[in-house]
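Asker: Here is how the chains run, residue by residue.
There are 4 protein chains.
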Amino acid sequence: MIIVMRPDHEEGDLQRVVRRLEDLGLRTHISKGEHRTIVGAIGDERILSELPMQSFAGVEAVHPILKPYKLVSREFQPENTVIQVNGFPIGGQQIQVIAGPCAVESREVLEEIAEELVPEGVHFLRGGAFKPRTSPYSFQGWGEKGLKFLASVREKLGLMVVTELMDPRDTVLVCKYADIVQIGTRNMSNFRLLTEVGNIDKPVLLKRGLCATIKEFLMSAEYIMAQGNEKVILCERGIRTFETETRNTLDISAVPLLKQLTHLPVIVDPSHAVGRADLVAAVSRAAVAAGADGLLVEVHVRPEEAMSDGPQSLRPQAFRAMLEECRRVAEAVGRFI
Amino acid sequence: MIIVMRPDHEEGDLQRVVRRLEDLGLRTHISKGEHRTIVGAIGDERILSELPMQSFAGVEAVHPILKPYKLVSREFQPENTVIQVNGFPIGGQQIQVIAGPCAVESREVLEEIAEELVPEGVHFLRGGAFKPRTSPYSFQGWGEKGLKFLASVREKLGLMVVTELMDPRDTVLVCKYADIVQIGTRNMSNFRLLTEVGNIDKPVLLKRGLCATIKEFLMSAEYIMAQGNEKVILCERGIRTFETETRNTLDISAVPLLKQLTHLPVIVDPSHAVGRADLVAAVSRAAVAAGADGLLVEVHVRPEEAMSDGPQSLRPQAFRAMLEECRRVAEAVGRFI
Amino acid sequence: MIIVMRPDHEEGDLQRVVRRLEDLGLRTHISKGEHRTIVGAIGDERILSELPMQSFAGVEAVHPILKPYKLVSREFQPENTVIQVNGFPIGGQQIQVIAGPCAVESREVLEEIAEELVPEGVHFLRGGAFKPRTSPYSFQGWGEKGLKFLASVREKLGLMVVTELMDPRDTVLVCKYADIVQIGTRNMSNFRLLTEVGNIDKPVLLKRGLCATIKEFLMSAEYIMAQGNEKVILCERGIRTFETETRNTLDISAVPLLKQLTHLPVIVDPSHAVGRADLVAAVSRAAVAAGADGLLVEVHVRPEEAMSDGPQSLRPQAFRAMLEECRRVAEAVGRFI
Amino acid sequence: MIIVMRPDHEEGDLQRVVRRLEDLGLRTHISKGEHRTIVGAIGDERILSELPMQSFAGVEAVHPILKPYKLVSREFQPENTVIQVNGFPIGGQQIQVIAGPCAVESREVLEEIAEELVPEGVHFLRGGAFKPRTSPYSFQGWGEKGLKFLASVREKLGLMVVTELMDPRDTVLVCKYADIVQIGTRNMSNFRLLTEVGNIDKPVLLKRGLCATIKEFLMSAEYIMAQGNEKVILCERGIRTFETETRNTLDISAVPLLKQLTHLPVIVDPSHAVGRADLVAAVSRAAVAAGADGLLVEVHVRPEEAMSDGPQSLRPQAFRAMLEECRRVAEAVGRFI
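Chains as they are written, first to last, in the working numbering: chain A, 24 to 360; chain B, 24 to 360; chain C, 24 to 360; chain D, 24 to 360.
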């Protein structure tokens, strides 16, 4: 950590800063320039995350040098983490596709959708039993009933279940039915929920927050790993920007950036990113080209009857076409779907 | 709700849209213009929040006409809600000041801070026992021990306690000690937590999310009110912008805008908005001038030792000066502190 | 255009709105719902862009129905515009690559760079002679001298010249040397400059503004076309977001969205989007996969000596590798480079 | 400047960095920590704005220590700049109000508006003769005719004229009529125009860009001052955020922050910030409370007939009420209007 002193700081200010750092076991290094005096703190600066150096008299600015995350970082683990879900790897050479409706609506519709997915080689079924909705008057999901529908489709068709956990009180319940537990965008900074899933023995699919930076996203993953759960899948799903033609804006460079900063698998949710079915195929191809390890796509047999997010759901035919295009792009970048 | 058909829609598309609306009990109104055909849906369009009209074939755009919130709206209740907390009104002529440290650190420090507040006429003490921290390695708050410190200071000095609830599993515990339960920025869209505090019998101080729009903020308040808890206090605390000199950007126009749209009290947290003590007084004066019903300010006797948010905490002397300035501004706008 | 009246509007308010619309030659259509009265204005609502309907007493909201742009829109011209630059088409099946240094530095370095491009099949050389720099103390470009360097390299190596125009006073000068005139990000809303290049007989490469919406971007293109210049190339180059690890955030969905809304060619500048060389290849592949008609890439033989934007410039070897990857992706989506 | 080396840098990388810095006349200071090696560059780092240190092999990050602006900074000039415009000071104890229509429409309407301003003690008349409009089909201003209307009203009523310059080719023309030359939001980064007004002998009112940071805003002011024109007035006018209920979001903390960082006067444009007349009074009071040196307000006798920005224009009666409220707030903060 670098501490920049104000040009008008007093000698005592500098001494107090140095003393505090040394009290914490750090070595210090003072460099007096023409315009500013700078104090370098040498040692594990994560100790300093607790210390409000900016509140010390005479301090102008503080620059951290180390990244605040550790377990998720590629410096800590150079090789890719590959998560095995019942024999299906996430983070390896194969790009996994997770598809299904936004919300679980009925066993029949869910099964109808799933039956469209199986012939396409999809191994993961998504569907929300608990739905975070901006309106208290909107459909909030079927809860355990929805989880049971998912489990019954898994049993029948062999698809792994990916479903969202919204409340730490439902952890045991959701884990009973899910193969991968999803933490949604709105809960990326729900630190108690992150701690909770840090203690389960299931992979966690963590979605990036609406206006979260990459650093904040990785810190949320760090919360989970710090509890001992190493099976974290990162999901870029679009961030909020000023654009109104699309629901969000897919941050495509987040894919190679995350692959560089962390060893964890990185997947992309094109459906929430754009919010409209007609753009999903193009951004899915882009995600694959940029190096994504998977896609999380909303598919519905009758989007106009969907109880949530119909406008962004692909019909089976469009899903098949998209998948075909993505396969060719995957091959072009040396991978397969 | 206004549904705009694409220029190339087919007659059957239009019929399907109309039929679906009428099936839901809405009347429709078709207007064929030179460039577009438009369908107006007449009736309570909140029914339509469930309906993915954009997924219908031939639909180009959908424009809602009514606001999606109801209970919080001034249309629903024209007169101001004034919330009485043990005889101290929030939302009336008096501007209430809620002050204290970011996190409860020890009984001694808390009491030391509180003793600085009492002579200034402050009636509300803030302090977090549960702290949402971006790093899993940072101090997470003392939990119940911290709540007990708050309660003991209340007993001794008569200050009402405002403290944060982060997890629905702590609701009973926090309610046992808090006079006002705070829902933090990161939980503004934690709908399960909102539902939870919608069922308690304590005022809820709801902070605006980091990148939430006013509509989303009001929808979160609607979640609480929809459960029956009418004592909601809205808190503007700065939104994320590109500016890096300040922690966030106080949305000052949110104050008069919220006062226009809703009957609920609106307070301002200048400390989190700017994130640096030297700007707190100026934005506090601005908040009072713009019509805020209260201020939520971080005060610490020794910010350089604070376990959280030291850089934005006012020392008692600066707090007194700020309060004095705000008092004069309050008077200028016909109110008092 | 749809005008929503306030619930408390007076009869006279409604009449004044209707009268004003009819005075302008529009037909009106009044629909009285349970909660709101709505006035539809039928006819070419672009007349209304002048009219502050929101200022009329009793008006709550105004919803435009038609897009505000016309000439750039695909409704106006369904087939793709393909721009021929000395026989090299932009907007056709071939994806064109425009490469070169950020700023023209010297004839020698420019030529050295260009010689790396020619064997790769690149036909367009970029390089700024006039540089918009945030600091008045930074290198501002060589002006005409730089243009001459570009022209001499064109003569020697046959590369078409793409260079920026910043000031309407330099139009004649820049047109003398450029094959494509670039309007930079910071000038996307410099309407006088747009009008100026609307009157020249050269293709214009228009970069999206830092925080411009797609609609604003298209309106700027409309400014150029409204003057008669139909050769406009749109360039998505990243928008400003909260992310600090990258310089900007490439809006990848802008590519298919623009291709849908407009007939103009759409290219992508991956270099400015990410601002760091190590991410350029991945986002270039993504751009090609998403349907971009071209790439605008910064290449420098010695980035550490570049006078501008060194950190985002590719070295020739990295450029070749990137191009090879993009070629395979192009093929996967049915195009070629 | 602090240069952080990557953990895997080679010895030669470090040597090349050091040599380059020393070649530029800077002293260096190497500090080898447990996790990172850091190079401090001592001397005037503004030299380094040219140098792409991030492109050097082995470099992980670069942290500037000094602010990139100089002439505008309070470090450079501690006392406030007070600009005299024909005897009316801007930046002193008095808060100046600049009022008038968005666009100059006709001599009659302009005069009618101005006559409402004079009795209120307003000394500055605003009005655009050249209008930056997002649509090429919207009214673009009357040009010189509009300037003449402004001048004739000045002659008759003694109000100083504030009007916008959009194009360097109009500089002489606009300066002939204007007392203060305005550079609009969309031109904050039009560096050629900034350079142009850096060479005139008139005060320049510089508006903050739509998504500009404070640092970028000050760099634009630095552009003007670097040419020799020291009479720069900064105008905070709202930045773009996700909020759609208001046109922009007034960054109220920019006022005290700018007053701290620079010696230049800081005024606020509440009209463009909120974009709706009903919120202008509240944010104007806030601006005064926060320490603004002036207000730039849109006033129109008949907003529903305004040719630009009607919805945000105050009618004379509302303007008078707003002014009265602001006067009381000004007094509360020790100033006057």
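Hints listed in this document are in silico derivations from the structure and should not be mistaken for laboratory results. Check the hints yourself; a few may be wrong.
Claimed, not checked - Calculated pairs, SDA-like style, for lysine to any residue (alpha carbon to alpha carbon, straight line, at most 20 Å): (1) K179(B) to G110(B); (2) K90(A) to D301(C); (3) K238(C) to R29(B); (4) K238(B) to Q163(C); (5) K90(A) to A84(D); (6) K90(C) to Q77(B); (7) K90(D) to S161(C); (8) K93(D) to H58(C); (9) K168(C) to R209(C).
Claimed, not checked - What follows is a set of in silico ranges between Cβ atoms, one per label pair, in the way DEER data are often shown: (10) E131(B) to E33(D): 33 to 41 Å; (11) E178(D) to N103(B): 43 to 51 Å; (12) D224(B) to D31(D): 53 to 61 Å; (13) E34(B) to A344(A): 38 to 46 Å; (14) L47(A) to G144(D): 20 to 28 Å; (15) A344(A) to V324(C): 40 to 48 Å; (16) E102(D) to Q340(B): 40 to 48 Å; (17) A84(A) to T267(D): 28 to 36 Å; (18) E102(D) to A80(C): 56 to 64 Å; (19) E102(D) to A84(A): 23 to 31 Å; (20) E33(D) to E102(A): 21 to 29 Å; (21) E83(A) to G251(C): 53 to 61 Å; (22) E354(B) to E167(A): 53 to 61 Å.
Said to hold, decoys possible - Negatives, chain D to chain B, calculated, CB over 10 Å: (23) I203; (24) E268; (25) T269.
Bear in mind the structure is a predicted one, so any value in this text is a computation, not a measurement. Each residue gets a CB set at the ideal place from its N, CA and C atoms; glycine is no exception.
Asker: Next, verify each hint and record whether it holds.
Answerer: Results of checking the hints against the structure:
1. K179(B) to G110(B): With a Cα-Cα distance of about 18 Å, the restraint between K179(B) and G110(B) holds, given a limit of 20 Å.
2. K90(A) to D301(C): It holds: about 19 Å lies between the C-alpha atoms, which stays within 20 Å.
3. K238(C) to R29(B): Given that 20 Å is the threshold and the Cα spacing comes to 18 Å, the pair holds.
4. K238(B) to Q163(C): With Cα atoms ~45 Å apart, K238(B) and Q163(C) exceed 20 Å; violated.
5. K90(A) to A84(D): holds (11 Å)
6. K90(C) to Q77(B): holds (17 Å)
7. K90(D) to S161(C): Given pair K90(D), S161(C) holds - Cα atoms ~14 Å apart, limit 20 Å.
8. K93(D) to H58(C): violated (58 Å)
9. K168(C) to R209(C): Roughly 23 Å separates the two Cα atoms, so the pair is violated.
10. E131(B) to E33(D): 33 to 41 Å: violated (53 Å)
11. E178(D) to N103(B): 43 to 51 Å: Hint holds: Cβ distance 49 Å, inside 43 to 51 Å.
12. D224(B) to D31(D): 53 to 61 Å: holds (59 Å)
13. E34(B) to A344(A): 38 to 46 Å: violated (27 Å)
14. L47(A) to G144(D): 20 to 28 Å: violated (58 Å)
15. A344(A) to V324(C): 40 to 48 Å: holds (43 Å)
16. E102(D) to Q340(B): 40 to 48 Å: About 26 Å separates the Cβ atoms of E102(D) and Q340(B), which means 40 to 48 Å is violated.
17. A84(A) to T267(D): 28 to 36 Å: Given about 35 Å between the Cβ atoms, the range holds.
18. E102(D) to A80(C): 56 to 64 Å: Given a distance of about 48 Å, which is not inside 56 to 64 Å, the answer is violated.
19. E102(D) to A84(A): 23 to 31 Å: holds (24 Å)
20. E33(D) to E102(A): 21 to 29 Å: holds (23 Å)
21. E83(A) to G251(C): 53 to 61 Å: With a Cβ separation near 54 Å, E83(A) and G251(C) satisfy 53 to 61 Å, so the hint holds.
22. E354(B) to E167(A): 53 to 61 Å: This hint holds: roughly 57 Å between Cβ atoms.
23. I203: holds (25 Å)
24. E268: Since the minimum Cβ distance to chain B is about 5 Å, E268(D) lies within 10 Å and the statement is violated.
25. T269: For T269(D), whose nearest Cβ neighbour in chain B is about 5 Å away, the distance does not exceed 10 Å, so it is violated.
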